[in-house]
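The hints should help you fit chain L onto chain G, whose structure is shown.
Number of protein chains: 2
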Amino acid sequence: MADYDVVIVGGGILGLSTAYHVKTVHPDAAILVIDKLGSAGQGNTARSAAAFRCIFSSQTNYALADSSLEFYRHLEQDLGVDIKLQWLGYLWLLTEKDYDETSTVFKDLALKSDLKYTEYDCKELTRRLCVRTNLEKDEEAQSMGLEDIFGGILIPKAGVINDVSSLINFYETEFLRLGGKIQYNVEAKSLIAEPLQPWGISGEPYFWQTARAAGVSTNKGVIRAKKTVLAAGAWISRLLDPVGVECYIKPKKRQFFAIEAKSSDLQKLLFTKGFNSLGCLPFTILPSFRVYIRPFSKEGTYWVGYADDFPRAFKLEEDPQAEKNFYEYGIYQVLTKYFPQFRDVRASSAFAGLYEINTLDGHPVIFEQNDLMVVGGASGSGITKADAIGRIAEALYSEKEYASFYGHKKFKVSDLGLEKRYVEPEKLVL
Amino acid sequence: MADYDVVIVGGGILGLSTAYHVKTVHPDAAILVIDKLGSAGQGNTARSAAAFRCIFSSQTNYALADSSLEFYRHLEQDLGVDIKLQWLGYLWLLTEKDYDETSTVFKDLALKSDLKYTEYDCKELTRRLCVRTNLEKDEEAQSMGLEDIFGGILIPKAGVINDVSSLINFYETEFLRLGGKIQYNVEAKSLIAEPLQPWGISGEPYFWQTARAAGVSTNKGVIRAKKTVLAAGAWISRLLDPVGVECYIKPKKRQFFAIEAKSSDLQKLLFTKGFNSLGCLPFTILPSFRVYIRPFSKEGTYWVGYADDFPRAFKLEEDPQAEKNFYEYGIYQVLTKYFPQFRDVRASSAFAGLYEINTLDGHPVIFEQNDLMVVGGASGSGITKADAIGRIAEALYSEKEYASFYGHKKFKVSDLGLEKRYVEPEKLVL
Chain G
1 MADYDVVIVG
11 GGILGLSTAY
21 HVKTVHPDAA
31 ILVIDKLGSA
41 GQGNTARSAA
51 AFRCIFSSQT
61 NYALADSSLE
71 FYRHLEQDLG
81 VDIKLQWLGY
91 LWLLTEKDYD
101 ETSTVFKDLA
111 LKSDLKYTEY
121 DCKELTRRLC
131 VRTNLEKDEE
141 AQSMGLEDIF
151 GGILIPKAGV
161 INDVSSLINF
171 YETEFLRLGG
181 KIQYNVEAKS
191 LIAEPLQPWG
201 ISGEPYFWQT
211 ARAAGVSTNK
221 GVIRAKKTVL
231 AAGAWISRLL
241 DPVGVECYIK
251 PKKRQFFAIE
261 AKSSDLQKLL
271 FTKGFNSLGC
281 LPFTILPSFR
291 VYIRPFSKEG
301 TYWVGYADDF
311 PRAFKLEEDP
321 QAEKNFYEYG
331 IYQVLTKYFP
341 QFRDVRASSA
351 FAGLYEINTL
361 DGHPVIFEQN
371 DLMVVGGASG
381 SGITKADAIG
391 RIAEALYSEK
401 EYASFYGHKK
411 FKVSDLGLEK
421 RYVEPEKLVL
Chain L
431 MADYDVVIVG
441 GGILGLSTAY
451 HVKTVHPDAA
461 ILVIDKLGSA
471 GQGNTARSAA
481 AFRCIFSSQT
491 NYALADSSLE
501 FYRHLEQDLG
511 VDIKLQWLGY
521 LWLLTEKDYD
531 ETSTVFKDLA
541 LKSDLKYTEY
551 DCKELTRRLC
561 VRTNLEKDEE
571 AQSMGLEDIF
581 GGILIPKAGV
591 INDVSSLINF
601 YETEFLRLGG
611 KIQYNVEAKS
621 LIAEPLQPWG
631 ISGEPYFWQT
641 ARAAGVSTNK
651 GVIRAKKTVL
661 AAGAWISRLL
671 DPVGVECYIK
681 PKKRQFFAIE
691 AKSSDLQKLL
701 FTKGFNSLGC
711 LPFTILPSFR
721 VYIRPFSKEG
731 TYWVGYADDF
741 PRAFKLEEDP
751 QAEKNFYEYG
761 IYQVLTKYFP
771 QFRDVRASSA
781 FAGLYEINTL
791 DGHPVIFEQN
801 DLMVVGGASG
811 SGITKADAIG
821 RIAEALYSEK
831 EYASFYGHKK
841 FKVSDLGLEK
851 RYVEPEKLVL
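Protein chains in written order, with this note's numbering: chain G, 1 to 430; chain L, 431 to 860.
Pulled out of the complex, with its shape left as it was, chain G reads as follows:
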């Protein structure tokens, strides 16, 4: 009856990592990935900041991120796959209160793992970055609630991917090489819910019948599968709501603004030496509101962004747009108080994407019910965690209790499910 063993809805980073790992373990399984767009990773994967970091305060997040990064490093160093990782590091600039909390988290993690980090005091930061650490006499900054920078912490095992398509391309190519299939321009319109044992009566399944997901209806016809995997990010709930399944994933727009480093001050900041071997400013997080600066050294630009909360809407959009005011009255106002180098410089371009936020706890959600698997909720760190998430999805599909990450670390599959979910709160949210 089924056309495929598995149909995966979504050819973004999570869908393709899942496809690759399931196909690797089950080479004979007929697996189809569909995506509504014309090629891989063109949805919200392409609309992300494409930054990565090994470090999270939750053991779960840390394990997902760290093992994924080890796999990406392995791809580059051992297999010669150029996925254009730039290990710039993440530099947190912190208020006194946040510094105390964050350095405690890092200290604890360093005791339990091989985490490396470096601390900087505010004088050193000023010397290196020409950052304003003391805003006491700035009345406007005070009324905006901006706080002084007490110190900084640098995590070297972090950075940016300058071309996400290279990583996407790895998973896609390998999946296809193993015999997997991908169909682009195919949009899942609805899930097919059917009784396990059809009676042939109108409107079945009824509640006294065991029901299951039997595939998807698409703009190109029906695709029937033994297992239906939803990896469509922010769009998952649009498929799940009509069958009454909760996934706790909601979409929120995230915006990025490009600033060209034309002035000598901005050039100097971009090519700040001493933080990494690339001689470039790290991915830098400002204090108080955690505005972040993502350097693009080759292009000579920065991206700046901010993940706002209340009252930013949960809203699905095909083509979300960045808002000029969000930069000018929002980010710019905070950014220039700490980094006067950005004063009077307008954004040269901008883009926006949708975070697929897991509203339970900000961790991914990977569960199965009724032959329906959900793989999502990466909450803004999909690229950072994609490899591990794909391996957990594979373990769930294979009905294993534990997933095996790159580097052989084991991970309990049910920890990211819904019934026996077990995660710690995350303190290092961006």
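In case anyone wonders, no lab produced these hints; they're calculated from the structure. Just so you know, even glycine gets a beta-carbon here, dropped at the ideal spot from N, CA and C. Just so you know, not all the hints are guaranteed correct.
[Stated by the list, open to error] In silico DSS-like cross-links for lysine-lysine, where the CA-CA straight-line distance does not exceed 25 angstroms: (1) K745(L) / K542(L); (2) K427(G) / K409(G); (3) K420(G) / K850(L); (4) K745(L) / K728(L); (5) K619(L) / K315(G); (6) K268(G) / K84(G); (7) K420(G) / K542(L); (8) K850(L) / K427(G).
[As the list claims (entries may be wrong)] If you want the ones that stay clear, here's a sample from chain G, every Cβ over 10 angstroms from chain L, calculated: (9) G38; (10) E70; (11) D82; (12) F150; (13) K220; (14) V222; (15) L266; (16) S288; (17) K315; (18) E318; (19) N325; (20) N370.
Only chain L this time, still in chain G's reference frame:
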């Protein structure tokens, strides 16, 4: 700046209980309730089965329900308010496995509280109800997965409200008598999000400003309030999504079908003696799939219903409709296997409403953030728990750590909030 101290969106049972309790404790507060319909309780409160029970396996649910029922009893017995409670009892008909589990739950609760219940074996049930307890030889029942009835458990402190408007009317009248205001035909279209300290710049609040809910925009204009309370049941998320706040409340259609007790067998069943002082069949829950029968002795009818799960959609509808097939191929098929009395009888009428399901744990959700309060998620037992929920909402508004239920029992307000939520799983779900 504010027109009111409190604006409450939703004049159903939860909104009016909240309004009454807040106004009782704060007689000088200017409180306005708005409802999009023409009078109180005409939304999903009116579209419920209007059944109540004291008993839940979770201590939280039990406390909410039991104290609310004690208050309703007090209204009738001490204050002479006729809210038309019929203490018919709830009769669970149970398979052997469910009987073991359920009777253990009841035994435990009876040790800790004054819970009363009576057990019946299957012979006694057959004698009293002419119910088929043994379906072994019924091939169709077997292939439908229907199981034998092993025994029954009756909870006397439970029943139905034959006219919910009487209870609604109590809260409304008392709230108005205390000086509260209600405006009907006023529909909240959106929440107003504003900075605590406005800068007068376009598009504020920005993320560096502290933002708050400052009231609602309605079809009749803007209503500004110091505190905005959402008690709009299934509709809450439509107001919350645009400001990016998660409440974990999703709507699911529930259907009820009226069956006239025309035949002598159905008359006899309706007026079954011995279970309660009214000489009427209790509210009865069938085994296997928990189809339920709600007797309407005065009208000489039954309502039958079923709360279906997958693949019933999460879907908001202004006027949800019952589906003929849902009775004929769904409920009827199960009902008549156990109660042949219903064979060949069609539903004379039907209606549907929306459960506002809390998808976290099925318990109510009562929390505040940014001067916005959410009071909802009663998950099908809004009437059963309304009085306690209103008292918790009052305590939250009053910034008390504990709410005081009718009968003086204390309840920790944060247990039903989001940050420090603490509830047990509910095993007695209908």
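Now for the hints, and whether the structure bears them out:
1. Taken as a hint, the K745(L) and K542(L) pair is broken in the structure, with Cα atoms around 39 angstroms apart against an allowance of 25 angstroms.
2. Distance hint between K427(G) and K409(G) is fulfilled; the C-alpha atoms sit about 23 angstroms from each other, no more than 25 angstroms.
3. Note on K420(G) and K850(L): the hinted pairing holds, with a Cα-Cα distance of about 19 angstroms set against a maximum of 25 angstroms.
4. Restraint check: the Cα-Cα separation between K745(L) and K728(L) comes to about 34 angstroms, which exceeds 25 angstroms; the hinted pair is violated.
5. Straight-line distance between C-alpha atoms of K619(L) and K315(G) comes to about 16 angstroms, which keeps the hinted pair within the 25 angstroms bound.
6. Our distance criterion of 25 angstroms between C-alpha atoms is met by K268(G) and K84(G), whose separation comes to about 23 angstroms.
7. At roughly 28 angstroms between alpha-carbon atoms, K420(G) and K542(L) are farther apart than 25 angstroms, so this suggested pair is violated.
8. Under the criterion of a C-alpha separation no larger than 25 angstroms, the hint pairing K850(L) with K427(G) is consistent with the structure, at around 16 angstroms.
9. Even its closest Cβ contact with chain L, about 30 angstroms, leaves G38(G) beyond 10 angstroms, as expected for a residue assigned away from the interface.
10. Once the 10 angstroms rule is applied to beta carbons, E70(G) is consistent with being away from chain L; the minimum gap is 33 angstroms.
11. The beta carbon of D82(G) sits about 37 angstroms from the closest Cβ of chain L, which is more than 10 angstroms, so the claim that it is off the interface holds.
12. Once the 10 angstroms rule is applied to beta carbons, F150(G) is consistent with being away from chain L; the minimum gap is 19 angstroms.
13. Listed as outside the interface, K220(G) is consistent with that label: its C-beta sits roughly 22 angstroms from the nearest C-beta of chain L, beyond the 10 angstroms cut-off.
14. Residue placement check: V222(G) keeps its beta carbon more than 10 angstroms from all beta carbons of chain L (closest about 16 angstroms).
15. Annotated as non-interface, L266(G) keeps its C-beta farther than 10 angstroms from every C-beta of chain L; the closest such distance is 22 angstroms.
16. In this structure S288(G) is not separated from chain L by more than 10 angstroms, as the shortest Cβ-Cβ distance comes to only about 8 angstroms.
17. Not every C-beta of chain L lies more than 10 angstroms from that of K315(G), the closest at about 7 angstroms, which undercuts listing it as non-interface.
18. The non-interface label for E318(G) is consistent with chain L: the shortest C-beta to C-beta separation is roughly 17 angstroms, beyond 10 angstroms.
19. Not every Cβ of chain L is farther than 10 angstroms from the Cβ of N325(G); the closest lies at roughly 4 angstroms, contradicting the non-interface assignment.
20. Not every C-beta of chain L lies more than 10 angstroms from that of N370(G), the closest at about 6 angstroms, which undercuts listing it as non-interface.
Comparing the model with each numbered hint stated earlier shows that hints 1, 4, 7, 16, 17, 19, 20 do not hold.
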